Each structure stands twice: as C-alpha cells, then as structure tokens.
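Visitor: Below are the chains, spelled out letter by letter.
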Amino acid sequence: MAVEGAVASRSGLRSALPLLAPAYLWLTVAIFLPLSAMVFFSFMTDLPLAGKPWAFTLGNYAAFFSQSLYLTLLLASLRLGLEVTLWCVVIGYPAAYVLAKVLKGRSREAIFLLVILPFWSNGLVRIFSWAMVLREGGILDTAANAVLPFKINIDLMYSYPAVIIGLVHSYVPYMVLTCYLTLQAIDDSLIEAGRSLGASRLQVLRRVIIPLSLPGLVAGAALIFVPVVGSFMEPRILGGRTGTFYGTVIEDQFVAVFNWPLGAALSFILLAVVLVILAIASPVLKRAA
Amino acid sequence: MAGVKVSNVSRSFGAHKALDDVSIDFADGGFYALLGPSGSGKTTLLRQIAGFDFPDSGRIAIGGESVERVPVEKRRIGMVFQNYALFPNMSVADNVAFGLSVRGESKAVIATEVQRALDLVQLGKLGARRPHQLSGGQRQRVALARAIVTKPRVLLLDEPLGALDKALRVDMQIELKRIQREIGITTIFVTHDQEEALTMSDRIGILRDGRLVQEGPPEEIYDRPKSEFAATFLGDANIFRGDATGNGIRLPDGTAIAADVGDRLAAGAKASCAVRPERIRIATNAEAADGQANMLKGQVSKRIFAGNNSTYFVERGGQTLKVIVQNTGADRLAEGQEVVLRWSPQSTVLIAAS
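Line order of the protein sequences matches chains A and B.
Residue 287 in the working numbering sits at position 287 of the first sequence; the count goes up by one each step and never skips.
Positions in the second sequence are counted from 1; adding 1000 to them yields the working numbering.
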C-alpha cells in the first residue's frame, strides 16, 4: 500500500514537472541568483566597483556581535514584528469571522473590497496619507477637536504608535484573507452542533472555531511577522527619529552609507534569526493545530 | 425526558411563509417523523424546536416549559445533523465528551459517560480515532452518541440517514429505533423518505408548503389519508375525481365508486377517492359478480416485474391506474390484455376536494 503510494506520487511528480518548471526557473533567476550574489557580498571587505581592491572577510558578521547597537535594534524589530502581528490578529480575526460567517452576498463583497483596498494602493501613498492623518493639526487632530468639547492635542507623527498604525494598516489584509479562508471552510453545522450540546457562543469559538482556523492564523502571522521585522519604509517615514529599526539600518547600508557587504551580512543574520524563530514555533503551533 | 408542544407556530423568511400556523403535540417518549418534500418546512420546524431560529409567532414548550425565546444552548436538546457535524479537530471520545465538558463535569464522570454512550452505539473501542478515520455509518453512531450523552430532554434528527447507502440505512433504522427504545427519549425525526417514516415512527406529521397536512400513527395516515397529497406522498394511491354521491363518488363518465372509509360528504360536492394499488384485484374476466365491489374495465399498458411483486399499469378512460400484485405463482398478464379491476369499498377512501 505504502509502496504503491510512493510509486504513484513519483509518477505524479514526473507529470507535474512541466507545470512546476516555470515557477522554479523563475525562482532560480529572480531569487536564488541575487541572493547568492548577496551571500558573496556579505563576505567581502568592499564592493568590487571601480577597481577598488577587496578581500574576503568575516568582519561584516563580526560587526553585528561587536556592537551592541545591532542586537538592540534587532530585538526592537522583533518586538515590533510581534506587536504588529498581535494587532493584526486582534483586528483581522474578528473581521475575517464576520466576513466568513455573518455577512452574506452583496454586503460581504463590499466589505471584502474594503479589506483588499490597501493592497491596491501604492505603499508610499498609503504611508504619506497616514502622515497627514496623524500629524499635529492633521485630520485626526482636527476631527477630534471638532467633536470633543475640550481642547486636546493629538500628534502621533514620528512616534512608535505611528509606526505600528502604518504597519498594521499595510499588513492586516494578510491576516483577514488567511483567516477568512480557513473560517469559511468551517461548516456552519459544526457551530450549531456545539451550541446544541450546550456550549455558549464563546465556548464554541474557543473550542471549535479557533482550533479549526489556527492554520490560517499561523499562516497570516508568518506572512506578517517576517516582513515587518525587516520593514524600513513605515519606520522611517512615520517614526522619524524614533523610527530607527534593524530594517532601516540595513537600508542605510545600501542607500546611504554604500556599505553593501555590511548590509548584506545584517540581512542574513536577520534571515537566520527569523528562520530559527519559525523553526522553534512550528512544532508548538503544529501541536496546537 | 419530556414531550414537546408546538402551538400555532409561524415563521416567514421575507415573503416566503416557511411555517404557517403549525401545531403538533409530540408525546413524551414517542418517535415522531416529520415528513414532507423539500421546502415543506419540516427542517424549519425542527430548527424552531432546537432553538437555532425563533418563530415569528406561536409557542413552543418542552416538558411544559415555554422555550420559544430560549437560545439553543439552554434548551437541553440533542441534535444529529445530516452531515454528522463531528468536530474534525477532536477524537471520537472528545467529540462525545464535548457536551459534558462544556457543562463542567469532572473528568471521571465524563470518561464513564462517554464510554457508556459509545458502548450503546457499539463503538466502544473506537474512542481514540479521529472522525475522518471512520465510515459513514460509524460517524452517524458517534453523532448519535454525542447527542444523547448529555441526557437531553428531546432528540432531534435532521435527515440523519440521508447520506448512507441503502443497506446501511436499513441497519441504522433498526439501530436508531433500538437505542431510542432503550433510553426512551422523545425523538423528532425529519425525513423526506416515506418508507423511513413508516417503518420507524410511532406517529407521522406530513408537511406541505409550511402547513401540517395530516398527523397521526403511520397506519392511520396510510389507511385514512385526509387529502390527495397525504394519499400520494405517503405510499402510492390511485386517485379518482368526481362528485360525491353520499356513499362514494360518481365519475364524469357516470361510473359509481363506493367508498366506506373517510369523511361523509354531502351529495354533489366535488370529491376524490383514493385506492392503494395493492388493494386492487386484477383479472382477465368478469368473475362471479360481487355486488359490493367496485369494478372497472381497462387494458394493461405496462408491467414492471420486481421479484416478489409486479406492478401493472392499466389504461382506463384516459387515466393510468396502478395495481400491485404479489407473486403467488399465478399466470402473469401480458401487456395489451383486457382486464377487470375490482376492489372493495372498505379499501376506498373518500376525500373532500381541496
């Protein structure tokens, strides 16, 4: 039985090869080659441009460990990733639940469109619109003062909350979409069965719906956490001076300092850390699922 | 355990009247089938009793306690769903334990009760399995065990055997009936399968377009249907339409049909007669005249042989009549043959035209 299965899957793989080939070819060209170049750079003393002399070195990696700043920034970025992911769960999961289980027909399509909309707008435009909303005398400040009887001063611009708001806005659609897909696959009769057995709505949520939608939560969390840890655009524009994170330092190496080897080395350290975190988390999450 | 009393319940979805003034008394400990075609409101009625949906008007009482505004989780009912609705993230034992566990029973009590329920449905050894490792019939049993382990006041079944193949369905019918008798729980069973309703239930309620058409023991509904719909939906029936004569009807061509069963109708009113196909005797010649019997002449147009019986389709005055004849070894009739049909007035039900 098992042997037959293996044979079947091997012949299945052979017939699937023409279908897989374009994707793998593309991945090889678009990701593997540039990444290999970056690995190469990360071990160089300087870029081999304009005939400058260069040599192999481990110094770029050593820099990470010799200066506590990098570790501090990495931890700050990991915390940022965790916080943004948590907010995305808090905001995205209920939205996905309502989309999948409460709304039907036209209203579902309309709300879905609103969720997807951030995807279709340019990232920079999105961030600068937040800048207009969050700054002192901006839209939020003006609106709050127009409604409230007392004078308050809202200036969230160039602060940690502003970075969180911008990032959550950019990434919450991932959480909504992955959770929507798993929630939608849960048969409504399971919810009814739970309630017919005397479980309150909250008990059904905790014991049936959340466990069954955990794969979506995990997928969404991974899709959000990884890019947020390396993010630089939102921290730089919305965070100002407070917006120095690991991602902005890497960006600096590439666009300001022109120390590509150090930037590349810092990137790979981040990649390694993220992979280790995902590896540690995956058995725990798998058991829960 | 408790009886269920549904009084004047109506429920509309937009302009569609899913339930229209339905009243039924489900006796304590009885096995009740709600029978009807799809869209007749039988599932809607079951959902009102369960508490998934609330009626627009009318009352529902379980064990004398008014529950029409009580949510499902507080009604202490057990429900078996058409697709079983087992929790795929839990083992069989955890599925069965769910109701006890949300109620906060101790681990020891849960373990004992779950084992007893699984033993009752003859799945005592499969507690550790996952639902996807079970066959359809086994899943059905787990769903039943899960529904009864909490000792609900009433057991509700929504087409529970619909997804099973025929042989398994017959086994499960017997099994379900055995378990119901053993624990003596009031059971309400929704089905569109008339045979299932006939063989399993103590009483049947036939629904059509949101209204209760007829209600009573299976024998009574079968022998004394009160409408053409009840006559043709539960079992097969030949329907004759004409004018009431006082002791039967007169067909448009002048033939009189005597009926001893059913309502007495004033002469001249529009009326129908229903005759079950197995009550009609078919012969090739006019035998010794039987003054009492109804008699019609016709021609066999088709015969369907089904082993233990044959169904003859007999053309008579533009109407096709069905006659079922047991296979007793007598000569079979050929298609095209002229025949005489006879049946007694005691087998003829008079029905007021609707």
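Derived by calculation from the structure, the hints in this document are not laboratory data.
These numbers come from a predicted model, not from an experiment.
A portion of the hints provided could be inaccurate.
[To be verified] Just a few of them, taken from the derived set where beta-carbon distance is under 8 Å, the chain B residues facing chain A:
no.: 1; residue: L1046
no.: 2; residue: F1054
no.: 3; residue: G1058
no.: 4; residue: V1070
no.: 5; residue: I1077
no.: 6; residue: S1091
no.: 7; residue: G1099
no.: 8; residue: V1102
no.: 9; residue: G1104
no.: 10; residue: E1105
no.: 11; residue: K1151
no.: 12; residue: Y1222
no.: 13; residue: K1226
no.: 14; residue: T1255
no.: 15; residue: F1305
no.: 16; residue: N1309
We put the beta carbon where it would ideally sit given N, CA and C, even for glycine.
Visitor: Does each hint hold? Answer for all of them.
Guide: Now for the hints, and whether the structure bears them out:
At about 11 Å, the closest approach between the beta carbon of B/L1046 and any beta carbon in chain A exceeds 8 Å, and the interface hint on this residue is violated. At its closest, the beta carbon of B/F1054 sits 14 Å from a beta carbon of chain A; the interface hint therefore is violated under the 8 Å criterion. Evaluation of the B/G1058 hint against chain A yields a violated restraint, the C-beta minimum of about 21 Å exceeding 8 Å. The interface hint given for B/V1070 is violated, since its Cβ lies 12 Å from the closest Cβ of chain A, which is over the 8 Å cut-off.
A hinted interface residue such as B/I1077 counts as satisfied when its beta carbon comes closer than 8 Å to some beta carbon of chain A; here the least separation is about 6 Å, so the hint holds. A least Cβ separation of about 13 Å between B/S1091 and chain A goes past the 8 Å threshold, and the interface hint is therefore violated. Given hint, B/G1099 at the interface with chain A, holds; its Cβ is 4 Å from that chain's nearest Cβ, closer than 8 Å. Nearest Cβ of chain A to the Cβ of B/V1102: about 4 Å, under the 8 Å cut. The hint holds.
Hint status for B/G1104 relative to chain A: violated, with the closest Cβ pair at about 10 Å, above 8 Å. Of the supplied interface hints, the one on B/E1105 is violated, with its beta-carbon coming no nearer than about 11 Å to a beta-carbon of chain A, more than 8 Å. Below 8 Å, beta-carbon pairs count as interface contacts, and B/K1151 has none with chain A, the closest being about 11 Å; its hint is therefore violated. Evaluation of the B/Y1222 hint against chain A yields a violated restraint, the C-beta minimum of about 32 Å exceeding 8 Å.
Given the 8 Å rule on beta carbons, the hint for B/K1226 is violated: about 34 Å separates it from the nearest Cβ of chain A. The beta carbon of B/T1255 is not positioned within 8 Å of any beta carbon in chain A (closest approach about 53 Å), and the interface hint is therefore violated. Because the beta carbon of B/F1305 sits about 42 Å from the nearest beta carbon in chain A, more than 8 Å, this interface hint is broken. For B/N1309, the suggested interface contact is broken, since its CB lies about 40 Å from the closest CB of chain A, more than 8 Å.
Comparing the model with each earlier hint shows violations of hints 1, 2, 3, 4, 6, 9, 10, 11, 12, 13, 14, 15 and 16; every other hint is respected.
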